[in-house]
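Colleague: Sequence:
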Amino acid sequence: MTVTDPETIVGLDDEETALRRRRWARDRELRAPRSPQHLSTADFLTLGNAVCGFLAIYSITTGVLVPHITNPDAAPDKHSAATAVTLLLIGSMCDLFDGLVARKLRSSALGAELDNLADLISFGIAPAYFVAVWGMVSPGSNSRLSALIALTVLLAVVLRLARFSAVKMRPGVFQGMPCPMGAMTVIAIVLLDPPFLPGLLAIFGAAYLMVSRIEYPKPQGLLATATLCWIVLSIGCLAAWATGAPGGDNLLHIGAYAQITLAAMAPLLVIRRKVGQKVGDVRARRAESRIG
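Positions 1 to 292 (the numbering used here) are the ones given, in order, by the sequence shown.
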């Protein structure tokens, strides 16, 4: 419902006019951007995303990297790995809701900048760090090569965020795979612990999709609800895997393969659409030639 300026309302008594005036003033205040000195509710969700990214890096360092350095034969701690990934999933939830909250409530002048910086930590630095650590602790790996691929992930996210700020897209779509999806795809590959070189190629593919021009739909409405349910389900699979519950390993593998499949669906659909258009053009030309 659009709130009308109470000065233009005709035919209302004084009490109702005063009530309309107060509502109009409150609505204008809520929708007006705050000054840079103030943080909105959405900004606190964005900061929560940044905190989750940092804690995920801390968890991987203390639970996986440091034990490996002190005892190279020690197995990676499942609890620390599951905690780190869960934190990034929670960060994804914060990233999902901060935009929704900003649209419903008043946003601040810092909102867009904070969002990019938080995304860089949680969906750029953190997954790149996962790849680098995987290259250090995985048998038969090459730490320098994994660090190089980790750098491509980080640079892809930096370019993706810069392009998002500079290029205007049509409503309802992202150009390139969104950073949260890209980060979780990279981490899903790491959790599967594939052979080293094929794993690096898959990670490089995820980085490429983030800077590609393929259009991905924005999570709005039913898609946002489905995304939230997917995050909750993923956290449950991680908990089952970390605690050694029966079938936990299978749940982890199913969730990781599903994440990779989900990330690959958009480019596959684009290829299918282009092939369909070319086939349609060929058939149309053949039909025209027959008529002629």
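Don't read these hints as lab results, they were simulated from the structure. Wrong hints could be hidden among the right ones.
Label pairs and their in silico Cβ distance ranges [as the list claims (entries may be wrong)]:
1) Leu269 - Asn142: 46 to 56 Å
2) Leu105 - Glu288: 50 to 60 Å
3) Pro198 - Ile254: 36 to 46 Å
4) Tyr257 - Ala147: 44 to 54 Å
Straight-line C-alpha distance at most 30 Å; calculated DSS-like pairs for lysine-lysine [said to hold, decoys possible]:
5) Lys168 - Lys278
6) Lys78 - Lys168
7) Lys168 - Lys218
8) Lys104 - Lys168
9) Lys104 - Lys278
All figures in this text were calculated on a predicted structure; none of them were measured in a lab. Quick reminder that beta carbons are idealized off the backbone N, C-alpha and C, glycines included.
Colleague: Taking the hints in turn, state whether each one holds.
Modeller: Checked hints:
no.	hint	result
1	Leu269 - Asn142: 46 to 56 Å	violated (35 Å)
2	Leu105 - Glu288: 50 to 60 Å	holds (56 Å)
3	Pro198 - Ile254: 36 to 46 Å	violated (19 Å)
4	Tyr257 - Ala147: 44 to 54 Å	violated (26 Å)
5	Lys168 - Lys278	holds (28 Å)
6	Lys78 - Lys168	violated (42 Å)
7	Lys168 - Lys218	holds (14 Å)
8	Lys104 - Lys168	holds (22 Å)
9	Lys104 - Lys278	violated (43 Å)
Taken one by one, the earlier hints fail for this structure at numbers 1, 3, 4, 6 and 9, listed in ascending order.
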